[in-house]
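If you want the building blocks of each chain, they are given just below.
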Amino acid sequence: MSGRRLLLFAPMGLLIAAFTLSVAGLLWSSLSHGGPALYAELLMDAGIQRVLWRTVWIAVVTTAISALLGYPLALFLARSPNRNLWLILVISPWLVSIVVRTFGWMVLLGNRGVINNALRNWGLLDAPIRMLFTPTAVLIGLVHVFLPFMVIAILSSLLMQDRKLEEAGRILGGTRWQTFTRVTLPLSMPGVIGGCSLVLLMATGAIVTPLLLGGLRDRMLGTQIYSEIFQIYNFDRATAMAVLLLVTALVLVAPLRLLEARIRHRLEGV
Amino acid sequence: MPTGFPTRALAILLLILLPAPLVIVVGASFSPRALLEFPPPGFSWRWYLEFLSTPAWLTAFGVSAAIALASAVLTTLAALGAALALQDAPSRLRAAAETAILAPLLFPHAALGIGFLGWLILAEMNGTGWGILIAHLVLCAPFAYRPIAVSLAQIDRSLPEAATILGAGPGQTFWRITLPLLQPGIAASLLFGFIISFDEVTVSMFLVGPEVTTLPVTIYARLNDSADPVVAAISSILILLTAGLVLLMDRLVGLRIFVDVEEEGRRPAA
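Protein chains in written order, with the working numbering: chain A, 1 to 270; chain B, 271 to 540.
Pulled out of the complex, with its shape left as it was, chain B reads as follows (with noise of 0.2 Å):
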């Protein structure tokens, strides 16, 4: 399967599709009448004025940022001090803790919901925020891991070398050379951190309650009973919203980190 003719065909036929479904989410969102229609029959801000006016969507949208902002920054904070504390730890200590760090991603996320549930449950914490904030702290911490231990293995040891020798302190030394070298990998972390607390619904539909819900569960229970054009806004919103953050991305780090990441992410699980 060299890359002749069919290879290309089938590629750029997929590199159409992928994004196709999303594209006619887009589409529908501007239909002036109340069925989902692609292409749409005219075009109106009709559904994005409802989503706006309407309490409960708002409320959602900004829980599920709350908590993907928090996500990121907590897990970014936990991955680097992990990472930090890891760096010249005894091969075996670090493989052990590395693969505790991943475990998560060996599960099934419709078990992890219904665990995560158990124990909120007793603790008095299920239909909270917190409740949904810790899961979504378990479920990032892989992704915040990877990038910054990747970006800490790439630093040239000698340059943190150099400057204890000039004489810099060992504060000094991590806030002046490693951290700005951390940057890239510090930076993915964040943003993987606030797209998949954001995106998350597979577990968070277990721990949500009456009172405080996120934004992807309540798209869900909506579609579960019909499927209208407000709905179509909000996703045309959030398609937006992760695509703006793709494109940034791309400009801080390059997208090229999600294929790195992904490789070294696997070396120490195999």
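In isolation and in its complexed conformation, chain A is listed as follows (with noise of 0.2 Å):
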């Protein structure tokens, strides 16, 4: 690199420098801090191991039900001719705060929220029932706050192909389902274990939806981490969480990525 390719580069440097250090600095600090030990004690914790299995299945569900919606939406999308005027409907509540868009949630869900109070008023209900800090509500937020990021994907590789293929498909005399099922879809995985990675990774590490609609029993790593640092004010263990944290979102991505390199190989190898 020249020169002043390299000042160009600097600043950018720098960030990237500050990134390193906070993930270094994380693993340097849980294994100087509490080390093997620490983390043996973590894992043995059946409360932890609650933790951890809870977070893996709310993750692993969250993206399945987002790809499942994601799909139909993004089709629809790449499809209409009115697609710019139905993004706004998607990218406006994508780009609005996790925080904002799970308060219309505990509104819509709560005891006395919309959800509630409408069957009470059409006289189906006599007791509210109880929809917010339950699992259920944490999937519900989850889903909501991440199928913009899956619908985006899947609709930005479904942009990508070209139509031709799914007019050869239809000429050579195949039904509407099967060019879909031959054609369509299989051009667009690369768009849908994309999204499934990007859902799965931040679901994984997902802090304010859980605590706001899951409440603090049924927690979630993320969670976890919040609360040793904020009530039991052990960083040590908030620190090592946190790598146990890192260490799951790569184990449950780091397949699909594998799988989206290979798929995506032999889609350009065509």
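To be clear, the hints were calculated from the coordinates, so they are not data collected in a lab. These numbers come from a predicted model, not from an experiment. Please note that the accuracy of each hint is not assured.
Chain B stretches covered by chain A per the calculated footprint, using a threshold of three residues with CB under 8 Å from any CB of chain A [claimed, not checked]:
| hint | stretch |
| --- | --- |
| 1 | 327–341 |
| 2 | 408–420 |
| 3 | 441–448 |
| 4 | 508–521 |
Note that the Cβ used here is the ideal one computed from N, Cα and C, for glycine as well.
Work from the hints to combine the two standalone chains into their complex.
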């Protein structure tokens, strides 16, 4: 790299350094303060095991629901002549702060919330149904928060497709369904898997939505870290758990990344 | 799953559900009573006036706006430098640098929050605006780099060459040819940076202190105690601000950039 180039890159280099410092510092401090003993203690702790397991299943189910709902929506957007108008409805909620969107669900799902009130006013209920502070509420909130990421990822790979391939499928006698399952869907798999790895990663590390909709009882790893720092003031345990979260996220996402790379390679080889 | 009736029906339902919680929040913010209700039992600006007359809320708003503005401008400059530096770099060097720039996307935010907190404490910068700004710069960098790199790649290389042949110096070529052609990417980068920083909560919640805190973190803290209409009023202001920025983005560069950036961004990573 020439001197001029190095100078141009320097500010971004500083940001990369700040990021590296954070990750390296996290790993270093977890090894120097708690060390393997702390990790062993955490992993043997039945409470932490439950939190870990809950984190994994909530993240996986959130991802699966987002993909199942996101695909039809992305397909609709890709084919709609008014795409830009609909995109505003997807992108605006996407860019509103997670806290605000989660707050919307608190208003909807609370014991005296919009849904319970409506059901009671219509005479369908005597006592409110408990919806807030349940795993279902966390799932609803997380799917709502992350669905736009999935839609945008799938949409981008649908729009990249050459529509002629679909036409060819139809001309060669494929039904609409056959053309979809044998042409459109396989070609859009990089987007689906890319979206899945993104949502999986973010859902694994979520804090705000699980705290506000799930409460302190049904914790996820992110919320556990938060309460270790702000309620128990145990920085070492929080650090070790952050590393645990990092590893969990990588283990969950790595197979998807490999799969995506392989599918892309195969599609581009055609 | 061709775009038959079931796909369309599901898509429309989702397009209603995605903004629904936000509509509820805006509606509830006009309630004259101290209870969150939708539809509101009347109409009043009471909670907006309370927001405007509470110094703590206004300060948090100001801090968030200042940090978001600084994040947007500084990451855009860093990304512009990096994109220009990498433009003609050998492909392996370029791929390595891009992986480093995009790396923060691959880490769960809860873990990054602890990572930043660790070294900011050592640097005595936790609980300061500077600490939050540094974290936001790192988080925004990938979102600033991608649109600018995409814009740069789309420039017809013969244009700057023509300028040079016609006798323009490198500075002139940059200011009069390259920079104007980069406008869509730069606009997208600025808007992305502002929105992401202004909304960020998961990392920021670890870095705020008694003296400096951001608006989303303040909202979160308030929601943890009690959800009241003043939070709905502030949330409504945030929703309006975001919707305004999305429409601005639509006017300036088109919403398609969100989709394009997604696809281009994943390519080198895959």
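Hint by hint, here is what the structure shows:
no.	hint	verdict
1	327–341	violated (count 0)
2	408–420	holds (count 3)
3	441–448	violated (count 0)
4	508–521	holds (count 8)
Hints 1, 3 from the list above are not met by this structure, while the remaining hints are.
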